[in-house]
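Trainee: Top line first, the protein sequences correspond to chains A and B. Mapping of the first sequence onto my numbering: position 199 corresponds to residue 199, and the numbering continues sequentially without gaps. Mapping of the second sequence onto my numbering: position 116 corresponds to residue 116, and the numbering continues sequentially without gaps.
These aren't lab readings, by the way, just hints derived from the structure by calculation. Quick reminder that beta carbons are idealized off the backbone N, C-alpha and C, glycines included. A hint or two may mislead.
Computed footprint of chain B on chain A; a stretch qualifies when at least three of its residues, placed anywhere within it, have a C-beta under 8 Å from a C-beta of chain B [unchecked claim]: (1) 39-50; (2) 77-84; (3) 293-300; (4) 309-315.
Protein chains: 2
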Amino acid sequence: MFTVEKIDGESRARAGLLTTPHGNVETPVFMPVGTQGTVKTVSPQELHTLGAQIILSNTYHLYLRPGDRLIQEAGGLHRFIGWPHPILTDSGGYQVFSLAELCKVNDEGVRFQSHLDGSYHDFTPEGVVDIQRNLGSDVMMVLDECSPYPCAHEIAVKANERTIRWAERSLNRYLETDPPLGLQQYIFGIVQGSTYQTIREVSTKRLVEMAFDGYGIGGLAVGEPRIVMLEMIEYCIDLLPKEKPRYLMGVGKPEDIVEAIALGVDLFDCVIPTRNGRNGTVYTREGKLVVKNRHFEKDFIPIDELCQCYTCQHFSRAYIRHLFQAEEILGLRLATIHNLHFYMTLIREARQAIIKGSFQKWKETFLNQYSSETSIHS
Amino acid sequence: MFTVEKIDGESRARAGLLTTPHGNVETPVFMPVGTQGTVKTVSPQELHTLGAQIILSNTYHLYLRPGDRLIQEAGGLHRFIGWPHPILTDSGGYQVFSLAELCKVNDEGVRFQSHLDGSYHDFTPEGVVDIQRNLGSDVMMVLDECSPYPCAHEIAVKANERTIRWAERSLNRYLETDPPLGLQQYIFGIVQGSTYQTIREVSTKRLVEMAFDGYGIGGLAVGEPRIVMLEMIEYCIDLLPKEKPRYLMGVGKPEDIVEAIALGVDLFDCVIPTRNGRNGTVYTREGKLVVKNRHFEKDFIPIDELCQCYTCQHFSRAYIRHLFQAEEILGLRLATIHNLHFYMTLIREARQAIIKGSFQKWKETFLNQYSSETSIHS
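Extracted from the complex, chain A is given alone in its bound form (with noise of 0.2 Å):
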C-alpha cells in the first residue's frame, strides 16, 4: 500500500506513493480538513482542481452530526460528500479532549458531552473502529488519549500507558471486522509521549510491534517550542520503519511542513490554510500578507503576481479586501482557494525536488525567501 520511490542524499525527506481504493496519493502530500464533511467554503470540484488528492474528516464531527450510521445509509462518506478520491478520517480522540464537554477517561474509553448539545457519549477503541467502517474512509486513526503541554512525566506515561492498550485493542476490532463496501480500510497507529524523548520510545517500538498500516505522530504543535516539535519528530521518525507512511498530525506552518518533510515525513494536515484564508490572511512566498487591512483598499495587483491559482488570475487585494469588508462570502472563498494553492504547490515543489535530487537546496530557498516571523502589514 505504501512504496517509497526515492530518498534524498543529504536529509531524510523521501517521495513516496500511497495506494487506496480510491486513487493513489503522492507523498509528500498536505490534506487540507473537511471537519464536517466539507472543506470549509470549497467545493469537491474547486479542491480537486487545487491538486488535493486526499482530504481529512473528523469522526467526533461526523458521528455526532448528521451520524456514522446516515452516513453509511447514503452510501459512504466519499459518495455523501461527493468527493470520490482518497479520504482519512481522524480517530476523534484530539476533539474529544479539545472540544467536548467533561470529558471523562477510563480503562475503557472516554464519556463526553456533545459540544452541540451537552448530550452524552462514549467513544471506545472499538467504537471508534466502528464509526470509521461506517464512514469507510481509506484511512482510519486509532482512538489515542491526547496530553496537554505542558504535561507532567507521570501523566505522560499514563495517558501513553492507555494509548497503547487503546491501540491493541483498535488493532484487534480492525482485524476482527470488514470494510462495509468491501473496499480495504487501512489503520494507523499514533505515537503519543508529549515532550519526553523515553515515552515516545516506550510508544513507538510499542506500535511498530503491532505492525499498523503506518504511523501518525500526535501530541505535537500543541503549544511546545519549535526545536522540541522537531526533536520530538526526529527521534519518532528514527524509530518508525522506512517502508510504512508517517503522518505528522496538525502541523501545520509552511516553514514547519518544509522541516518536517526534511526530517521524513509523508503526511500532513492543518486547518491553517484553510482558517487563515477565512480571517484574510493570505501567503506569498515573501510571508503573510493580511489582505483584508486597509493598506490593500487601492492594491490592484494579484495577492502573488506569479501564483496561477483562479483567485491570483482573477481578482486583485483590492477586491478580496473589499468583499472582506462587505462581508461576502466569496472573499472566504477566494482566500481559501489561493492559500490552498499556496500549500499545495509548496508540498508538490517539495517532492519533485526529492526526486531531482535538489531538496536540500530547494528547501534553503524557500527558507531565505519565506518570512515566518512577520506577517507583512498586519
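Given the coordinates of chain A, assemble chain B onto it according to the supplied hints.
Mentor: Okay, now just chain B, sitting in the frame of chain A:
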C-alpha cells in the same frame, strides 16, 4: 443596440438581442443580483457556467463601499469584480428609499444617511449618472423616486412628476458626458406611477418622448396584489415602443416571470433565487422545497433528479441539509447554484419556445406543473 428577433403569435412574448460592448444578451433574460459587486456565494466562473449573460449591481452599495472612484481607478466595475460580461447598474433610488436612514427628498435630489455608518450623502440625478459613468456599467438606470404600496394618489402624482423631471436631468447629464473607458453605456428611464393607470400613462408617455435606450418598469412587486401588478405591466407595455428593451425591475417569482414574459418583458432581476438559496429553499419544477428541513435528513436523491446543475449532479438533499445544519458555507453555495440554474433554465426554455412558436403551450405546461402556493414539506 436592441433587436426583436421573434414575437410570439398568441401573446406579446418576444425574443430579442441586446448588444453591449461587453457582449450580447439574448432576451428574455434573468439578471442575477450582485449587490456589492458579487453575486452572493458564487464566483464569476460559476455564473458564466450557469449561463448568466448579464448581472445587476447596485449604485447605492458600490458608491458607499468601496466607492465608485476606487472602482474607476481599478479599471471599472467589470475588471474590479472579474466579470467581463455585461453589467446593468440600478440607480440606487430603490435602495435609498428602502435601506438608507433619514431619507429626505426635494426637487434637487435626495439626502440620506448611509446604512453602514450613518454618514450623510446626496444623490442627484446628475450625480447618479456620474457614479455609473465611473462604474462603467453597460446599462445605467436613472434616479427615480419610489413610492411605497399603498400610496395615496396625490403622493404618487407628485413622486411621478419629480421622477419625470429627474429623468430629463439624467438624460441631459448622460448626453453631456462620456464613458471613461470609451465603451458605450446605455441609459434606461424608469416608469413609475404606483398602481394608478393614469399616472403610469403620464409616466410612460413622457419617458418615451425622451427616447431612452430602454425602459424599466419600477415600483411593482412591492406588496400590491399580483393581478394589479400584471395589469400595470400590461398597461405600461402597451405604451412602450416595440423596438426598445423593457426591464421589469425586481420581479420575481418563477410564475410571475413567466406571465411577464407573456406580456412582453425582456429583462428581469430579483434576489429571490439567491436569497432563497441561502435560506435553504430550493426550486423544482413542482415547486419549492425547504431542503434544510428534517424531512430531508435521509433523502439521498438530488434536489431535482432531472436537473443538470453541479449541485444536483453531485450531491443529495441529505448532504445539503447536513451542510445547512452544520452552518457550512458550501450549503449556501450549492443551493444558490441550483436556484440560479433553475431560473436560467426556465428563461432559456421560454426564449426557445418563443422562437419555436410554442410559447403559450410551454407556459401552460410549466404553470400546471409548478405549485406557487405551497412549499412542499415546508
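Trainee: How about the stretch 39-50 of chain A: do at least three of its residues have a C-beta closer than 8 Å to a C-beta of chain B?
Mentor: holds (count 6)
Trainee: Taking a Cβ-Cβ distance under 8 Å as contact, does the stretch 77-84 of chain A have three or more residues in contact with chain B?
Mentor: holds (count 3)
Trainee: Using a Cβ cutoff of 8 Å, are there at least 3 residues of the stretch 309-315 of chain A near chain B, or does the coverage claim fail?
Mentor: holds (count 3)
Trainee: Are 3 or more residues of the stretch 293-300 of chain A near chain B, judged by a Cβ distance of less than 8 Å?
Mentor: Since 3 is at least three, the answer is holds.
Checked against the numbered hints given earlier, this structure breaks none of them.
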